[in-house]
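Enquirer: One-letter residues, chain by chain:
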Amino acid sequence: MNSGEIIISVEELTKVYDMGEVKVHALRGVNMNIQDGEFVAIMGHSGSGKSTLMNIIGCLDLPTSGEYFLDGVNVKEMNKDQLARLRNRKIGFVFQTFNLLARTSALENIELPLLYNPNLKAKERKEKAMNALEMVGLADWQHHYPNQLSGGQQQRIAIARSLVNDPVIILADEPTGNLDTRTSFEVMEIFQELNSRGITIALVTHEADISQFAARNVMFRDGRIFKEKLVTKIKNAKAELDALPEEDDNF
Amino acid sequence: MKFINLIIIAVRSLNKNKVRSLLTMLGIIIGVASVIAMLAIGQGSRQSIEDQISNLGTNVIMIFPGASSRGGVSSAAGSAVSLEMEDVISISNDCPSVKYVSPVARTSGQVIAGALNWNTQLYGIYPEYLEIRNLEIASGEMFTETDERRASKVCIIGETVAENLFDEYTDPVGQKIRIRKIPFKIIGVLKERGQSGMGSDQDDIIMAPFSTVQKRMRGSQRDIQQIYASAQSEEQIQDASDEIDELLRQRMKLTKNDDAPYMIRTQTEIVEMFTSTSDTMIVLLASIASISLIVGGIGIMNIMLVSVTERTREIGLRMAIGARGRDILRQFLLEAVLLSLLGGILGVGLGTLSSTLVVKFMGWPVLVTSYSIVLSFSFATVIGVFFGWYPAKKAANLIPMDALRYE
Ligand SMILES: Nc1ncnc2c1ncn2[C@@H]1O[C@H](COP(=O)(O)OP(=O)(O)OP(=O)(O)O)[C@@H](O)[C@H]1O
Ligand SMILES: [Mg+2]
Numbered sequence: 001m002n003s004g005e006i007i008i009s010v011e012e013l014t015k016v017y018d019m020g021e022v023k024v025h026a027l028r029g030v031n032m033n034i035q036d037g038e039f040v041a042i043m044g045h046s047g048s049g050k051s052t053l054m055n056i057i058g059c060l061d062l063p064t065s066g067e068y069f070l071d072g073v074n075v076k077e078m079n080k081d082q083l084a085r086l087r088n089r090k091i092g093f094v095f096q097t098f099n100l101l102a103r104t105s106a107l108e109n110i111e112l113p114l115l116y117n118p119n120l121k122a123k124e125r126k127e128k129a130m131n132a133l134e135m136v137g138l139a140d141w142q143h144h145y146p147n148q149l150s151g152g153q154q155q156r157i158a159i160a161r162s163l164v165n166d167p168v169i170i171l172a173d174e175p176t177g178n179l180d181t182r183t184s185f186e187v188m189e190i191f192q193e194l195n196s197r198g199i200t201i202a203l204v205t206h207e208a209d210i211s212q213f214a215a216r217n218v219m220f221r222d223g224r225i226f227k228e229k230l231v232t233k234i235k236n237a238k239a240e241l242d243a244l245p246e247e248d249d250n251f
Numbered sequence: 001m002k003f004i005n006l007i008i009i010a011v012r013s014l015n016k017n018k019v020r021s022l023l024t025m026l027g028i029i030i031g032v033a034s035v036i037a038m039l040a041i042g043q044g045s046r047q048s049i050e051d052q053i054s055n056l057g058t059n060v061i062m063i064f065p066g067a068s069s070r071g072g073v074s075s076a077a078g079s080a081v082s083l084e085m086e087d088v089i090s091i092s093n094d095c096p097s098v099k100y101v102s103p104v105a106r107t108s109g110q111v112i113a114g115a116l117n118w119n120t121q122l123y124g125i126y127p128e129y130l131e132i133r134n135l136e137i138a139s140g141e142m143f144t145e146t147d148e149r150r151a152s153k154v155c156i157i158g159e160t161v162a163e164n165l166f167d168e169y170t171d172p173v174g175q176k177i178r179i180r181k182i183p184f185k186i187i188g189v190l191k192e193r194g195q196s197g198m199g200s201d202q203d204d205i206i207m208a209p210f211s212t213v214q215k216r217m218r219g220s221q222r223d224i225q226q227i228y229a230s231a232q233s234e235e236q237i238q239d240a241s242d243e244i245d246e247l248l249r250q251r252m253k254l255t256k257n258d259d260a261p262y263m264i265r266t267q268t269e270i271v272e273m274f275t276s277t278s279d280t281m282i283v284l285l286a287s288i289a290s291i292s293l294i295v296g297g298i299g300i301m302n303i304m305l306v307s308v309t310e311r312t313r314e315i316g317l318r319m320a321i322g323a324r325g326r327d328i329l330r331q332f333l334l335e336a337v338l339l340s341l342l343g344g345i346l347g348v349g350l351g352t353l354s355s356t357l358v359v360k361f362m363g364w365p366v367l368v369t370s371y372s373i374v375l376s377f378s379f380a381t382v383i384g385v386f387f388g389w390y391p392a393k394k395a396a397n398l399i400p401m402d403a404l405r406y407e
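Residue numbers (our numbering), protein chains in the order written: chain A, 1 to 251; chain B, 1 to 407.
By construction, these hints were calculated from the structure, which means they are not laboratory data. There could be a bad hint or two in this list.
What the hints assert, rightly or not - Computed spacing ranges between beta-carbons, pair by pair:
1. A/L62 <-> B/R326: 12 to 22 Å
2. B/T309 <-> A/V16: 21 to 31 Å
3. B/F3 <-> A/L241: 42 to 52 Å
Claimed, not checked - Chain B is nowhere near these chain A residues, computed Cβ spacing over 12 Å in every case:
4. T14
5. N33
6. E77
7. R87
8. K90
9. A122
10. E127
11. D209
12. N217
13. M219
To be verified - Stretches of chain A that chain B covers, calculated by requiring three or more beta carbons in the stretch to come under 8 Å of a beta carbon on chain B:
14. 55-61
15. 91-103
16. 107-114
17. 193-201
Where a beta carbon is used, it is the ideal one built from N, C-alpha and C, also for glycine.
Turn these sequences into a full structure, and let the hints steer you where they fit.
Expert: What follows is the structure, given as structure tokens:
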């Protein structure tokens, strides 16, 4: 990976959920940088604060204290509309549950973020959406509705949607959480492919073998980063896929 | 966010739920359609009443006898006389704004021609009555003043009477008929006039000289049942009416404030009376119909509220990929407005169609005006904005994280 400039930088980030009687400390001082072109996997027990961090990085939520710079911009100083704009132009989000619009074709789902960008013409939107669809290898499925697609395919459409606006980073919160091993590997293959084209990815996962497809692993425990390591032998998803036994072939 | 993008988003959303969109629109469709149909029926009947009244004649003034008798002296019951022959003569002599005057003696009875008979009404009138009422003779001729003076037993008959007494090969003019056993000679047939606004047949009538009917057919009664007059011109209707009133008061020795034993009605007053009643009816019909429009609007609000709740995750997703609160607000508002606009268009179609059907099958007078279309259409849009606002605002105020997590 080319080690470029720092695009995500968080300092002493805390997040406290005030539940009235109890205060939940979801983040207790997190320091972390992500460089341009990196592929980071975030791991940790349930409730350790991974999603909370992802949501703050994704500008869906604001920290209680601490600093967060996204692509050189101090997010704390942004108002609601500016945050929406940041999400629209700089972030791509992939969810565990896909979150595709029902009864809306694959292509229209991918096009959706671009509709909130007034600078793009209809033709550009279609082109970009088509390109993104090709990148996830589903060009022939553009007119299908989500309910006509397998889980893996739906997640690939969701990935296409996350990259259609050329974000500085794609954030994926347990993108393989709802998928079986084989489809998980297929999704990881796409992430690796995108990363090799220079797209920065931060991904949350519970599964140790999934984390081995990323270059760097960050371990969370109790709202703090507890361990961090570079993956010495990064696994290749395509090779792993080929090595899988044939019998649970989907096609 | 560009407006065209907003439209794309809203149309796609509505398109996803076609049946629900249609059901939501149904309230508006029915509301708009009923407003249009109600206004059409109201306006149509108003138009036909106006036509009817102009049918009454030209610058007509009617004088009816009242309940009390002349001079306030109550005579024996039944013999109360409030209008007499001298009144008619004075009106024609002493009222400069009055053009024609005719007393009316009215009775009814059986008419026999050969083997056929028919029951109809008999009017005793002056020849001028035709001018006052705008009536015309289709064949034959009108009786004259000489007939009036002599109380001749001649008459003119309406088309319905002619049809019922004679076959199509017989010319009624010159025929002899017996009205309540008294022989009359038909000298003319009235031009057909059709039904009146109240549904009575205006051609079912026989007219004879006033003196003939008054003296020969009404027994001992000598009172005038009604006087018809006409003013010189439309502008002089009020003057003529005032002159008649003054004259009659003078003749009856009444002051201005006394209750008069007669009633004067001008054509203008009758027009006003009927149009104001039909205006009231139109307002009543329209307000009943607009209640259904409002109910339709509440239906839209209801569905939009359900839809906001149901689509909370969708809203969360839209926000996560860059929709601002106001984009969401506009989307839901536009959805509501599109629903009511589309409902409005379909409603206008349905309303016009049903109005046409009413004309065709019920024979009611119906008039669809562009005014009623514009009215109901803009009403529908206002309802869309009004009832769409609250759910849209609710959607826009959702916090992206909470909306995304919503189960
Ligand atoms: N909206 C919220 N309100 C209150 N508490 C919350 C909220 N979101 C998260 N928390 C709490 O913050 C802590 C961290 O939650 P978070 O979702 O970040 O965990 P996680 O590491 O993503 O777990 P998992 O692996 O199960 O997804 C948890 O204790 C959780 O209960
Ligand atoms: Mg989580």
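Enquirer: Compare the structure with each hint and give your call.
Expert: Here is what the structure says about each hint:
At roughly 19 Å, the beta carbons of A/L62 and B/R326 sit within the given window of 12 to 22 Å. About 29 Å separates the C-beta atoms of B/T309 and A/V16, a value consistent with the hinted range of 21 to 31 Å. In this structure the hint that B/F3 and A/L241 lie 42 to 52 Å apart at CB holds, the actual value being about 46 Å. No Cβ of chain B approaches the Cβ of A/T14 within 12 Å, the least distance being about 17 Å, so the stated non-interface status holds.
Distance check on A/N33: its Cβ is at least 24 Å (rounded) from any Cβ of chain B, clearing the 12 Å threshold; non-interface status holds. Residue-level check passed: A/E77 sits 17 Å from the nearest beta carbon of chain B, beyond 12 Å. Non-interface status of A/R87 relative to chain B is broken: a Cβ of that chain comes within 12 Å, the nearest being about 5 Å off. Distance check on A/K90: its Cβ comes as close as 10 Å (rounded) to a Cβ of chain B, failing to clear the 12 Å threshold; non-interface status is violated.
With a minimum CB-CB distance of about 8 Å to chain B, A/A122 fails to clear the 12 Å threshold, and the non-interface call is violated. The claim that A/E127 is not at the interface with chain B holds, since no C-beta of that chain comes within 12 Å of its own (minimum 16 Å). Distance check for A/D209 against chain B: the nearest CB is about 28 Å away, which clears 12 Å, and the non-interface claim stands. Taking the minimum C-beta to C-beta distance to chain B, about 26 Å, the non-interface status of A/N217 holds against the 12 Å cut.
No beta-carbon of chain B comes within 12 Å of the beta-carbon of A/M219; the shortest separation is about 24 Å. With a cut-off of 8 Å between beta carbons, the segment 55-61 of chain A has 4 residues touching chain B; three or more are needed, and the interface restraint holds. Under a criterion of three residues with beta carbons nearer than 8 Å to beta carbons of chain B, the stated coverage of the segment 91-103 of chain A is upheld, 6 such residues being counted. Coverage of the segment 107-114 of chain A by chain B holds [criterion: at least 3 residues with CB-CB distance below 8 Å; count 3].
Requiring three or more residues with a Cβ within less than 8 Å of a Cβ of chain B, the coverage given for the segment 193-201 of chain A is violated, as only 0 such residues are present.
Going through the hint list in order, the structure does not satisfy hints 7, 8, 9 and 17.
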